[in-house]
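Novice: For reference, the chains in residue letters:
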Amino acid sequence: MKDFTTALLSGVAALAFASSAMADGHGCSVTSGSVRILGNEFPAIQTIAAKAQECVSGDATFASNLTKDHRDIQVAALTPNPAEYTSAIVANGSIVPLMNDGLIRPLDDLVAKHAPDFPKSQLITINGQIMAVAFMANAQHLFYREDILAEAGVEVPTSYEDVLAAAKAIKDKGLLEYPLSGTYKAGWNLGEEFVNMYMGTGASMFEEGTASPAINNENGIAALNMMKALSEYMNPDFLTYDSNAAAAEWEAGNVAIMNMWGSRAGPVTDDEGSTPEIVAATKFAAAPTLGEGPELATTLWWDGFTIAANISDEDAEATFIALMNGINDATANANPEQAVWLSPGYKPSPAAAGVFASASATPYPMVPYGGLMHTALGAELTEFMQGNESAEQALADVEAAYTAAAKEAGFIQ
Amino acid sequence: MSEALATRRSLPLRALLMGFLFLWLIAAAFPFFWTLWGSFKVQSDFFSIQDWRNALWGTRTVIETGGAFTGAGYEGAWIQEGFGRAVFNTLIVTVCVTAISLTFGTLGGYALSRSSYNYTFWILMVALVFRAMPHITLVSGYLLPFFELNIWGYLSTSIVVLVAINQPFTIWMLRSFFMNIPKDLDESAMVDGCTRFQAFRYVIIPVMWPGVITTGLFSFLLAYNDFAVTAMLLSKENQTMIPKIASFLGSTQQEGNVMFAVAAVVSATAPLFVLVLFFQRQIVSGLTAGAVKG
Amino acid sequence: MKHKTFLWFMLPSGFAMLLFIALPIMSVLVQSLYIEHEKVLIEVENCVPLGGCTKETVVDTEAAARLKAEQPLGQFNGFGTYTNRNHLATAEIAGFWRSTNSWAEFGKQVYGLPFYKALAFTLTYTFLVTPMVIILGFCIALAVNALPRMFKGLAIFFSLLPMMVTPLVGSLILYWMIDSRGVLGQTLQVIMADPDLSLRASPVLTWIMLMVYGTWSSAPFAFVVFYAGLQTVPEDTLESAMIDGASRWERVRYVVIPYLMPLVTFIALIQLMDNFRVFEPIVGFSAEASATSLSWIIYNDLRGEFQLFGSAAATSMLTILGVAVLLTPVLIRTWRDFKGAKS
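So the protein sequences, as listed, match chains A, B and C.
Sequential numbering of the first sequence, starting at 7, is according to our numbering.
Sequential numbering of the second sequence, starting at 19, is according to our numbering.
Sequential numbering of the third sequence, starting at 186, is according to our numbering.
If we strip away everything but chain A, and leave its shape as in the complex, we get:
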């Protein structure tokens, strides 16, 4: 949906005006009911929770539990009636278990009543019903060092083949020993890298309309082989590198190119942990393609809020009003560096460029069994990456592990 991005980047003044008037003004006054938020712990969500709390006054109550372990407790917390929390802040992946168990309510009536002009592009609509309101986006995209690429005489890569060629040029010139990095840590990170790469082939990971896996094919092999080829230019410890470790390598100036989370673009270009030269030369671009493309080899992620099903309508309404205030333009523009905000009046910080450039990528699949595949990938691909197994064998292992898990979960009979 490129038109959305363009619209967003050019800054639609009228829309911005309309929505901020809605949110800043009279819309935000909660004097009864209860607002209880469960969410991940990072500054953007903390800001939203604080903004939502500003609306709460009078007899209304407010509570928030922002923790890294939110995914592990959300299903149990929203199951009782009344639920422990009135809202769970989720992402592409974590909304699925709530949907599977019917624990979040459709928001159509609340949107119609309180935010009729709200941009449709921010509404997560499933089967014709609004299930979540997204407020920020994230994606892994290219981080590159302008100075090193120039010294090596290579252009900014647009495909992974270019990345390999650039890495070779940099290494051959002796500029860096390990020019590439990435989040290849065994487990969730490695699974995510494969999903990203596989998306670059444009194929689906499952057979149409069923939960049967479909990755043990030439697409899967191409994705794996590219990952392996890239890893040859990485620090040999690459299977232990998560975002923190990879970002630290970047700040130390040991890496020239990496495909990294957009949410890390701000932190690596701030004044902590790195030298001014490295920061000045750090640039962002769209995620590369695999081969000719046109699909970018990355996945788009959004974060948004949902409203629990097992709560009173009064609490649901209070929570909706408070959170809509939390995600408005004023929040976004007061904290432009905290996230790539989706609100229409947001004036992006330079660090948001990479995510916007990757806006044409496929969203991370919201299929109910996607999490199972992700787990299987993260656990079964390590031996291939260590060079102890063939790509075919690794993919067969993934499919076998996934199928066993999907049978236990009732997706495959």
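Any given hint might turn out to be false.
Said to hold, decoys possible - Chain A regions said to be covered by chain C (calculated; three or more residues, Cβ under 8 Å):
(1) 101-107
(2) 318-325
(3) 370-378
(4) 390-398
What the hints assert, rightly or not - Facing chain A, from chain C, some residues (calculated, C-beta under 8 Å):
(5) Val229
(6) Glu241
(7) Ser496
Keep in mind the hints are simulated off the structure, nothing from the lab.
Cβ atoms here follow ideal geometry from the backbone N, Cα and C, with glycine treated the same way.
Based on the hints, put chains B and C in the right spot on chain A.
Specialist: Coordinates of chains B and C only, in the frame set by chain A:
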């Protein structure tokens, strides 16, 4: 004294033992002192990818803060992130867990050491099986009932859970210590007309402290270091130190404040130092003096 | 002790264990025998920001709720979960047995299965770390016991440090120190004269690293127990041994060690069990690529977007079974002691 006998060793043997102990103490304490030193540096020094010696000289610390030492980690953890609250919660949890565990455990452990029926053995075996259960499975199972009963997130819930999952260890350990206390001691008291409980109260309790202190130390450390239970069963405002420290470490989305975590760990270990020094008389001389003569 | 007295003494502890451990274990056992209901999948249109609208598959929640109301536990599967590929993988192993010609080939294939890969590390770890902890702890206890009184408190404190610093951060810092550019990693490179040595990249070195860490962090436990035990060694026995002309070594060998034997059994029990459930070092050292354990498999099932309770339950039951098998020799010994104490 047995101590004198056990320590009366020849010079070479003594030198060997001291050399070994010296090596062990370095291995045990070096990482901590390294952390203590590093907690006054910035992250890019303490976790320096360029050169580990930066952690010694504070190269980047000088560039970023102007001095070779910085209290930024401590300031961030204590002032910005309110680590004090977590310390207070931990204090409540550890004191309660240790006290309740030891009360339950001494009663149970004493009974198990003095009963000779076969079921005693089977209770011990079942307790072992209980202990074999991985904590993450237990905790995942607690979540839904706790939410439904509306007792999730409170310190008291976590205390009860920690006491319960600590019981198998506590009764096993205390039973071993009670086994070393001769049966004649309490049985002669009972011949003199004491009830079982009186015998326990007036004869056993005065001599059981070495075992109780040692077991108490482990109960304390378990509650203090627990992550699996407290991370999942406590809400944010009731968080204890360890989950709080974990939240400083960052995630895929978010860069962590690792130096906050490092500073927090150092400040969390300081009270333990005081505690051990305070209790060392109990641990050292208490064990010796209270030791039962065979 | 009378039954009734015993009951009263045992009640608080027993009740706590019953409620918070026995009941959950029963429910986990039941859960492991069931799998989830068949999920009715429907195709719908999803719209997301930036990405536009696509056809996606979702679960029909109404149908799911109906099925759940009929059978709250799910579909009965017997031991199906235990034998599937992600657990004991009986069918796969039978297949490997038929298709491979040599033991080495068979072993390699079996090692490719997640459960057996985890089991291999778990068992190696358990059988190496447990004795090392006991020996190291005993030596430290002897050495600290020989110290002049004024140094004891300090020595005890420093010896306890590995246990006191939370594994979460302890392993993070150690992990950094042993990085190929950290202080220990560099020192090792100098000692081994291998500038490319990286403990994190090689599976073998990762295993060794985890085991050294395990010994280091558990030795204080054995130390404290032995140290407390040493204080109670009866002096008359030691004295009479000396009068009989026993050397120092003989006194340790024939008086101290037998006296401490019940403590050795105790430490072995606890350590076997704890080491069999090894988990924190694997996560702390980011060693998932080279070493997984049974507890790590459970964690992997329970954490993340989709939680597989049945699978985690089955692995948990297998863990308990594994611990029971491991402990059998110790248990038999305890039984004999128990019988001996009775007579």
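Novice: Hold the hint about C:Ser496 up to the distance rule: shortest CB distance to chain A must be less than 8 Å.
Specialist: With a minimum Cβ separation of about 5 Å from chain A (threshold 8 Å), the hint on C:Ser496 holds.
Novice: Verify the interface restraint on C:Val229: the C-beta must sit less than 8 Å from at least one C-beta of chain A.
Specialist: It holds, given that the least Cβ distance between C:Val229 and chain A is near 4 Å, below 8 Å.
Novice: Do three or more residues of the segment 318-325 of chain A come closer than 8 Å to chain C, measuring C-beta to C-beta?
Specialist: violated (count 0)
Novice: Tell me if C:Glu241 is really an interface residue toward chain A, meaning its C-beta lies closer than 8 Å to one of theirs.
Specialist: At 6 Å from the nearest chain A Cβ, C:Glu241 passes the 8 Å test, so the hint holds.
Novice: Please check whether the segment 101-107 of chain A has three or more residues whose CB lies within less than 8 Å of a CB on chain C.
Specialist: It holds, with 5 qualifying residues against the three required.
Novice: When I compare C-beta atoms, does the segment 370-378 of chain A have three or more residues closer than 8 Å to chain C?
Specialist: Three-residue rule met by the segment 370-378 of chain A, so holds; n is 8.
Novice: Count the residues of the segment 390-398 of chain A whose Cβ falls closer than 8 Å to any Cβ of chain C, and tell me whether that reaches three.
Specialist: holds (count 3)
Violated hints amount to a single one, hint 2; each of the other numbered hints is respected by the structure.
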